[in-house]
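Q: Sequence:
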Amino acid sequence: MTNLLLRSSLAILDSLIAFDTTSRNSNLQLIDWVEDYLGQFGIGATRVNNADGSKANLYATIGPNVAGGIILSGHSDVVPVDGQNWSSDPFTVTEREGLLHGRGTCDMKGFIALALAAAPMLKEGKRPVHLAISYDEEVGCLGAPAMIEEIAATLPQPALAIIGEPTMMKVVTGHKGICVHEVEVLGHEAHSSLTHLGVSANMVAIELMHDLAELARELWEKADPTSPFTPPHATLTIGKMEGGTAANILARRAHFIFDLRCPPNVDPDEILRPFKEKAAAIDAQLKDTFPATGVRVEQLSNAPPLNQSGSAEAEAFVRKLTGDNTPAGVVSYAAEAGQFQQAGFPTVICGPGSIEQAHQPNEYISLDQFERGAEFMVRLIEQLKQE
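So the sequence shown is numbered by the numbering used here: it starts at 3 and just counts up by one.
Read the hints as simulated data drawn from the structure, not as lab findings.
All C-beta atoms, glycine included, are put in the ideal place defined by N, C-alpha and C.
Wrong hints could be hidden among the right ones.
Claimed, not checked - List time: in silico DSS-like cross-link candidates among lysine-lysine, alpha-carbon distance up to 27 Å: (1) Lys-278 <-> Lys-289; (2) Lys-278 <-> Lys-224; (3) Lys-280 <-> Lys-224; (4) Lys-125 <-> Lys-289; (5) Lys-280 <-> Lys-242; (6) Lys-242 <-> Lys-172; (7) Lys-242 <-> Lys-224; (8) Lys-322 <-> Lys-387; (9) Lys-387 <-> Lys-128; (10) Lys-280 <-> Lys-128; (11) Lys-172 <-> Lys-128; (12) Lys-125 <-> Lys-278; (13) Lys-242 <-> Lys-278; (14) Lys-289 <-> Lys-172; (15) Lys-322 <-> Lys-125; (16) Lys-172 <-> Lys-125.
Stated by the list, open to error - What follows is a list of derived Cβ distance ranges for each label pair: (17) Thr-228 <-> Ala-53: 41 to 47 Å; (18) Pro-82 <-> Thr-228: 35 to 41 Å; (19) Asp-271 <-> Glu-151: 54 to 60 Å.
Generate the whole structure from the sequences, applying the supplied hints.
A: Right, here's the structure in full:
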């Protein structure tokens, strides 16, 4: 059965990778394809669209519609390939020396392909599998909450959720949360020799970014040596910045985006309170002189961490399938697992591939890991048949 499922998974992976579902794009062609594929086996699916209908989550119940089901969840979106030096087409699966290259092979269309290949056989289980595919995970876990809310409200209570992010098929019971903020500074243009006649948005933004850099250093200094996370503290980075039009013009606009990643039990709002208070004070100060100027700080996303407590049932079930008896791990990347846990589902992360290959040029999943993922799905099929 493993070889059959593996061959089917590889064919499905080819199809999934061919869809350019970079987060800035629509994922509807992929969702259409998955819906049609499941329909061939009499499996109905439900969409949960975004506000303008350009993207969709999709969930489907495979097997009897009873309580105690297993959620298998993965995100459909991928990160950009812009500026990366790929040795082959990122949107075509290319095998080289036992490695399957392509954007999303590891993170995380490989897991979705395995789950879809297992779907026809999962229909025979005594309790269901709920396949859940989300959008916009890579830009702050924005898409999944609406789908999770609907699953919790409409389906018989699932027993647990398995999020198939790449963990080398090891059981992971904790991850950091992430909140992303956008800061926009509006200045007042003037000749750069006449600084008293205007406000440089760049200079204001630099002051605010300096404060964030200092905060990042403070977080480093407060590292908890007992923390299982690497690094063992909250982290803050500025991922994007832009501003100004010319060297001799006081910049009218500056803009930057930063993310803060916190372990469980660390409050991001508390960490950022002094920064937001200073930004508000500068905003008021600027407006006193030039009413059209100011500082805007907007939270774009806030995905909760996955807490290690509360997932013992899910961990025990997944260990049966993987045979992994090593201590459960934690990861520093953010994922949708915390959102499923927050909705009341015991949740773990377990999937094929290494996160070290994600987001890289020539991203890949090894055939060995893909085979281990296929073996996992076969054991899940057999386990649900026997119960």
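Q: Hints first: check each against the structure and report whether it holds.
A: Here is how each hint holds up against the structure:
1. With a C-alpha separation of about 17 Å, the suggested pairing of Lys-278 with Lys-289 holds against the 27 Å cut-off.
2. Taken as a hint, the Lys-278 and Lys-224 pair is honoured in the structure, with Cα atoms around 21 Å apart against an allowance of 27 Å.
3. Taking the CA atoms of Lys-280 and Lys-224, the gap is about 22 Å. The hint holds against a cut of 27 Å.
4. Restraint check for Lys-125 and Lys-289: the C-alpha separation of about 63 Å exceeds 27 Å, so the hint is violated.
5. Of the pairs offered as hints, the one joining Lys-280 and Lys-242 holds, with about 21 Å between alpha carbons and a cut-off of 27 Å not exceeded.
6. A threshold of 27 Å between alpha carbons decides the hint, and for Lys-242 with Lys-172 the separation of about 33 Å lies outside it, so the pair is violated.
7. In summary, the hint linking Lys-242 to Lys-224 is supported, as the alpha carbons are separated by about 25 Å, within the 27 Å threshold.
8. Of the pairs offered as hints, the one joining Lys-322 and Lys-387 holds, with about 14 Å between alpha carbons and a cut-off of 27 Å not exceeded.
9. Our distance criterion of 27 Å between C-alpha atoms is met by Lys-387 and Lys-128, whose separation comes to about 6 Å.
10. Taking the CA atoms of Lys-280 and Lys-128, the gap is near 57 Å; set against the 27 Å cutoff, the hint is violated.
11. Note on Lys-172 and Lys-128: the hinted pairing holds, with a Cα-Cα distance of about 26 Å set against a maximum of 27 Å.
12. Restraint check for Lys-125 and Lys-278: the C-alpha separation of about 51 Å exceeds 27 Å, so the hint is violated.
13. For the suggested pair Lys-242 and Lys-278, the alpha carbons sit about 19 Å apart, so the restraint of at most 27 Å is met.
14. Restraint check: the Cα-Cα separation between Lys-289 and Lys-172 comes to about 53 Å, which exceeds 27 Å; the hinted pair is violated.
15. A threshold of 27 Å between alpha carbons decides the hint, and for Lys-322 with Lys-125 the separation of about 20 Å falls inside it, so the pair holds.
16. A threshold of 27 Å between alpha carbons decides the hint, and for Lys-172 with Lys-125 the separation of about 26 Å falls inside it, so the pair holds.
17. Hint check: Thr-228 to Ala-53, Cβ distance near 43 Å, so the stated range 41 to 47 Å holds.
18. Against the hinted window of 35 to 41 Å, the Cβ-Cβ separation of Pro-82 and Thr-228 comes to about 37 Å, which satisfies the hint.
19. At roughly 22 Å, the beta carbons of Asp-271 and Glu-151 sit outside the given window of 54 to 60 Å.
Checked against the numbered hints given earlier, this structure breaks hints 4, 6, 10, 12, 14 and 19; the rest are met.
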